[in-house]
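*Asks:* Model the placement of chain B on the given structure of chain A, informed by the hints.
These protein sequences, in sequence, are chains A and B.
If you read the first sequence in our numbering, its first letter stands for residue 224, the second for the next number, and so on.
If you read the second sequence in our numbering, its first letter stands for residue 2, the second for the next number, and so on.
Take these hints with a grain of salt, some might be off.
Claimed, not checked - Partial list, computed: chain B residues near chain A (C-beta under 8 Å):
id	residue
1	G25
2	I26
3	T32
4	D33
5	T37
6	R39
7	S46
8	R115
9	V116
10	K118
11	S191
12	D192
13	S205
14	L208
15	Q225
No lab work stands behind these hints, which were simulated from the structure alone.
Ideal placement from N, C-alpha and C gives every residue a C-beta, glycine not left out.
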Amino acid sequence: MIALTRLAAFTATLAPFALAAGTAFAQSGPPAAPGAGPQPTQPPAPPPPPQAAPAAPPPPPPAVAEPQPVQYPPPPGYPPPAASGPVYYSAYPPGQVYEPPPPPSRPPRQKRDLLMVAYNTSVGLGDTHDFAPDFSFLGFSFDWRARVSDNFWPGISLGWQVMYGKDVKTLSYGNTTFTGTIATSLNVFPMLATGNYYFMTDPKRARPYAGLGVGAYAAEHRLDVGVWTISDTSWHFGFAPEIGAVLPTGNLRLVVSSKFNYAFASDRWDPLMYFNFNVGVEL
Amino acid sequence: MGHTLRSTILVTAAACLLACHPRGIDDAAETDTVVTRRAKDYDYSRNLTYDIPDKIADLCDVDTSQLPGGDGGAAGARPSPFPEGAECNEITHAFDAAILSEVRRNFEALGYKRVDKDAGEKPDVALLVGALSSNNWVAYTYYPWSYYCYYYPYYCGWGIYYPYYPTTSIVNYPTGTLLMDLVSLKDADSDQQRTPSIWTGSVSGLLADSDTDTATRINVTIDQAFAQSPYLKVGKP
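Extracted from the complex, chain B is given alone in its bound form:
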């Protein structure tokens, strides 16, 4: 009797040890993170018009030696070369249309109007969207928007710089990251030939197999990035 009871207690305890152990992050969707940064003391209410490229840049497919230098100080030093061991995956462009549509929808809900580039209108800001997928831990500063220059020299014939904060991001195995960078063309420094970034929204998460889940996660996280950045609203001081 005594042994039976003791055994029962031990088995129960062992079962509870397994059943009750906290599992932490145990779903791909739970790895989704949204990080937004705003420029310090920047008056967002002055901007009204925007433009957005029709493609999502592959941020991994960049020769980092060609990146523009930093401004020092709060902007940090010149970006280090793309870290060794960073095994980039080739990103899928299957979601490009959905992503850009969701970004545009959110941005226009804030009151921005997209310019007609063909009509020669010049937007106040440009929203650049890039994606990256990596197999390894990667930490680097500055996203290489010069990649856009190949497609959109109009926006980045000048180097983009980050006068207000360093943009250090971390991605790791095997994640996908979507970066939205809002640059102010109105505040471009013509002497230095640089364009300030006034907002970044970074969406990261573990890559999953299910396309349905991926589309849902992308929409949810993009919405969250704008929801937690109400200061972007046009006309809001």
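Looking at chain A on its own, in the form it has when it is part of the complex:
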């Protein structure tokens, strides 16, 4: 009953506009809303005479016995604004589209852990350079890092680096002098616990980081002279600060980094000291 009453009032407000629309409106005006408008088969009701619109009769008062509803203010967008052009569907105009509130602005969740596989080159310094002076193109490293926070990723680092050199040397010891080709190689296996801090955490952008590894270095010193080979393996305690950056490129995340390795003297072997230059991928 109330709905009908309101519909009547609404229809009355539309009357002047319907007249302005002319016959086009009259011929094609569809129902307003399913169940609320006239039946599709029914011809549209003839517009009331212009003079009748202001004198539209007020809706009949509700029955006294019924509880009087509270007159709420109409919701926003109701009644709908009048159409300026031809109106074929007097339906309710679409209301405001619901848009969910934007999610909190934080980067996508990062992985729990990562694996870095890198190809390493190196150059020795100090005593290590004296023993194996050539620039080394042979080395690999594997880094596993677990996420503690988006910035802090501790992990472990395993590597293998070969340094080498070959030269004709003349050496004197006491009353003995030796001349010959001496080929040296140094196989270093760092086994480090690492802590890594990423200064930026958005995985879609470059992520520079700095890290420090502490742990053991196994070093196999090998010396070939003449047809003889002397080799000796030593263990060292050492550390390795590192800086690098993860670069997102398509499906892969490239990692470029540089690491300074220092392992303290052990037994009769001098300290190990060398720089790594690494290129790898983060998996």
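*Replies:* Okay, now just chain B, sitting in the frame of chain A:
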């Protein structure tokens, strides 16, 4: 795309692993070593004349039980018998003339004059040259110069001894070694009937097939042995 790139990286890494691996000693000439020893506090400037045999001794063809004993102390103990398993190769004498010529050339460049043995001159020093080729690792002390006694009893009717240092040398498969031993006849100990060795030059290397390379390597290494022993020069204090 991702798999292709990863495969590329792995293949590249594997290729580099093979290509870049240090090869160490990879040529026969790189196995050549020259070791010289000098006598401690010996005054080489006093020597002027020398003699050298016309043959190179085959050091492997020796009955070690007949070797002279050592002097103990710095000279080491009596030499152990020639190690078992030391499979000596028969050395070639094709290079003898070239070797001796090169040794003489270097030695005379230091100022020494060769004596005329037939004229009865007695040299200050004798330069004995021997060679050895072995198929196995061999380490022994003292070279058995008594072998020379068969040809040159004049030099080694007495045993040669090494008062200043033990002469331990190592040869191994399949190497050739050329040993030059300078003994001082002037300082021979007549009571003990022994002659001191005052310098040794040992040249070793892997045997190669090419005669041309071998001749070159022999010359280069002999030259090096004398080049690194400038104290042998006559008149140099």
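*Asks:* Against this structure, judge whether each hint is valid.
*Replies:* Here is what the structure says about each hint:
1. G25: holds, 4 Å
2. I26: holds, 5 Å
3. T32: Status holds, d = 5 Å.
4. D33: holds, 6 Å
5. T37: Holds. Min distance 5 Å.
6. R39: Since the shortest Cβ distance to chain A is 5 Å, the answer is holds.
7. S46: violated, 17 Å
8. R115: Violated: closest Cβ of chain A sits about 25 Å from R115/B, beyond 8 Å.
9. V116: violated, 27 Å
10. K118: violated, 30 Å
11. S191: This hint is violated: S191/B lies away from chain A, its Cβ roughly 26 Å from the closest one there, beyond 8 Å.
12. D192: violated, 26 Å
13. S205: This hint holds: S205/B lies near chain A, its Cβ roughly 6 Å from the closest one there, short of 8 Å.
14. L208: It is violated, given that the least Cβ distance between L208/B and chain A is near 10 Å, above 8 Å.
15. Q225: With Cβ-Cβ at 5 Å, under 8 Å, it holds.
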